[in-house]
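Chains as they are written, first to last, in this note's numbering: chain A, 206 to 575; chain B, 670 to 798.
No wet-lab data here; the hints were simulated from the structure.
Errors might be hidden in some of the hints.
Unchecked claim - Pairs of lysine-lysine residues, derived as DSSO-like cross-links and limited to a Cα-Cα distance of at most 30 Å, are as follows: (1) LYS714(B) to LYS794(B); (2) LYS781(B) to LYS680(B); (3) LYS224(A) to LYS349(A); (4) LYS212(A) to LYS794(B); (5) LYS714(B) to LYS531(A); (6) LYS224(A) to LYS292(A); (7) LYS246(A) to LYS773(B); (8) LYS794(B) to LYS560(A); (9) LYS516(A) to LYS781(B); (10) LYS224(A) to LYS212(A); (11) LYS560(A) to LYS718(B); (12) LYS570(A) to LYS426(A); (13) LYS510(A) to LYS714(B); (14) LYS287(A) to LYS224(A); (15) LYS212(A) to LYS718(B); (16) LYS531(A) to LYS721(B); (17) LYS292(A) to LYS336(A); (18) LYS723(B) to LYS794(B); (19) LYS510(A) to LYS718(B); (20) LYS771(B) to LYS721(B); (21) LYS246(A) to LYS513(A); (22) LYS365(A) to LYS330(A); (23) LYS214(A) to LYS794(B); (24) LYS680(B) to LYS560(A); (25) LYS513(A) to LYS545(A); (26) LYS794(B) to LYS224(A); (27) LYS510(A) to LYS723(B); (28) LYS794(B) to LYS246(A); (29) LYS330(A) to LYS341(A).
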Amino acid sequence: MDITADKLKRTALNETCRKYGGKMVDFHGWELPIQFEGIIKEHNAVRNSAGIFDVSHMGQVFVSGPDSFRLLQRTNANDLRKAVPGKGVYSHLTNEHAGLVDDIIAFCLSINRYLVIVNATTSTKDYNWLKSQARKMNVTIENKSDVYSMVAVQGPNVPKMFETFAPEALELPRFGIVEKKLFGQDCFVSRTGYTGEDGFEITAPHAVISQIWEQMMELGKPFNIIPCGLGARDTLRLEAGYLLYGQDVDDDHNTYEANYGWVVCLDKGEFIGRAVLERQKREGVTRKLTGVALTEGGVPRNGCKVFKDGKEIGELASATYSPTLKRGIGVGYLSIPDLKNGEPLEVEIHGRRVKAEVTKTPFHKGTAFK
Amino acid sequence: MPKPEEARYTKTHEWIALEGSEATVGVSDHAQHEMGDVVFVELPKMSQKLEKDKPCTVVESVKSAFDIYAPVSGEVSALNSAVTGEPAIINQSPLEKGWLFKMKISNPDDFKTLMDWTAYQEFIKQNVH
Chain A
206 MDITADKLKR TALNETCRKY GGKMVDFHGW ELPIQFEGII KEHNAVRNSA GIFDVSHMGQ
266 VFVSGPDSFR LLQRTNANDL RKAVPGKGVY SHLTNEHAGL VDDIIAFCLS INRYLVIVNA
326 TTSTKDYNWL KSQARKMNVT IENKSDVYSM VAVQGPNVPK MFETFAPEAL ELPRFGIVEK
386 KLFGQDCFVS RTGYTGEDGF EITAPHAVIS QIWEQMMELG KPFNIIPCGL GARDTLRLEA
446 GYLLYGQDVD DDHNTYEANY GWVVCLDKGE FIGRAVLERQ KREGVTRKLT GVALTEGGVP
506 RNGCKVFKDG KEIGELASAT YSPTLKRGIG VGYLSIPDLK NGEPLEVEIH GRRVKAEVTK
566 TPFHKGTAFK
Chain B
670 MPKPEEARYT KTHEWIALEG SEATVGVSDH AQHEMGDVVF VELPKMSQKL EKDKPCTVVE
730 SVKSAFDIYA PVSGEVSALN SAVTGEPAII NQSPLEKGWL FKMKISNPDD FKTLMDWTAY
790 QEFIKQNVH
């Protein structure tokens, strides 16, 4: 594990993560903790009680002005009409081929003012893409990824932690957002839960984020909250059936192929990539991101080949050991897009064919799904 | 099973302890820390012939897969089925309950190339970033 720390970007929580024993690694150019006490312990803390993550590498793009809605409606597969003030929508930013520029959450803060949460590796790309699509529109696009940090506090006990801290957050529906002053700064509290569990994300300027982290640790004490790293984040999000941009989806994979058809809203009018998606809806896709679970021992990883009746039909995009199901799970683009649940497969791990079966995603439905 | 000070170590972080001509092999405490939660272990086969410094089996943690190298040449003479049933034993007790396999060693001189406890501690210090 070579860390060329001086070349890596550090979040405002870097020192805090180190203080809590975070084992720092290079994550796409960001120095972030892979784990603190251990991935399984952290994973279980989030599933059963509470955990806190530094997700400051995520990006924040603000879109404001009279044409905000028009721009976002045109660049997204989902219907931005669902994002009424105080609410967000998970969506795919699409290119002309319906590939994913990024997967995002667009929060409507008020009429003509949106906060778009984007992935770390794509924030500049997304910003440039939105800019290029906004020509002749009356809209202001600001990439404030370098201004804001973010913590995610996740787990079934997290709402109890927020009873005194931010009672207004408890009123939020899933994907709700509220603006709130914290330590004298304008911050945002949202409720999305990418771990599959109920929980909140706090987006705040760098200056106050470590104070917020410490307060969360304090409020979470009765619930044995622990800091969690990227390792647990990956096992949790994969169990919950969430996509990882750059691994599961990218500019060359689209929403139907990713089995995220519910994101595509064809009755909303024109948007970029629509024609391709319409055709795919009509004709079907030739590959589909499919859930796979091992039925014997072994740990699948991304890149493992998948076989059906001895014939290679694709490879895993994301795969890991599932601490909740206690077996190997993964998702892969399989060339037979209409496989039924329980159909037998094989996954090649270190040259050995391991028995597996087609499995519906999410692999696990946590409190965020209720 | 050995005290940590009594075992010999490889640069790839296996430990090995000798009793007569039979040796017991496992991963070092340092290695299990680096691996994190071990969730799957593949063992070599009984009577499999192992060659010194060649990969002979795999230990998988949630994070990643780790090759296990044969510290010396020889033939596998016993397997620890406890670690396949409960791989976390490797984290809890890498030098006692978490041993991986035993082997009849073919060349006792192989042992001389391995690090003792003090040399291994020094090796870890120099190789930690």
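Tested hints:
no. : hint                   : verdict
1   : LYS714(B) to LYS794(B) : 34 Å, violated
2   : LYS781(B) to LYS680(B) : 14 Å, holds
3   : LYS224(A) to LYS349(A) : 27 Å, holds
4   : LYS212(A) to LYS794(B) : 23 Å, holds
5   : LYS714(B) to LYS531(A) : 25 Å, holds
6   : LYS224(A) to LYS292(A) : 35 Å, violated
7   : LYS246(A) to LYS773(B) : 38 Å, violated
8   : LYS794(B) to LYS560(A) : 41 Å, violated
9   : LYS516(A) to LYS781(B) : 48 Å, violated
10  : LYS224(A) to LYS212(A) : 21 Å, holds
11  : LYS560(A) to LYS718(B) : 27 Å, holds
12  : LYS570(A) to LYS426(A) : 26 Å, holds
13  : LYS510(A) to LYS714(B) : 25 Å, holds
14  : LYS287(A) to LYS224(A) : 41 Å, violated
15  : LYS212(A) to LYS718(B) : 45 Å, violated
16  : LYS531(A) to LYS721(B) : 34 Å, violated
17  : LYS292(A) to LYS336(A) : 23 Å, holds
18  : LYS723(B) to LYS794(B) : 24 Å, holds
19  : LYS510(A) to LYS718(B) : 29 Å, holds
20  : LYS771(B) to LYS721(B) : 14 Å, holds
21  : LYS246(A) to LYS513(A) : 35 Å, violated
22  : LYS365(A) to LYS330(A) : 38 Å, violated
23  : LYS214(A) to LYS794(B) : 26 Å, holds
24  : LYS680(B) to LYS560(A) : 34 Å, violated
25  : LYS513(A) to LYS545(A) : 12 Å, holds
26  : LYS794(B) to LYS224(A) : 21 Å, holds
27  : LYS510(A) to LYS723(B) : 25 Å, holds
28  : LYS794(B) to LYS246(A) : 27 Å, holds
29  : LYS330(A) to LYS341(A) : 20 Å, holds
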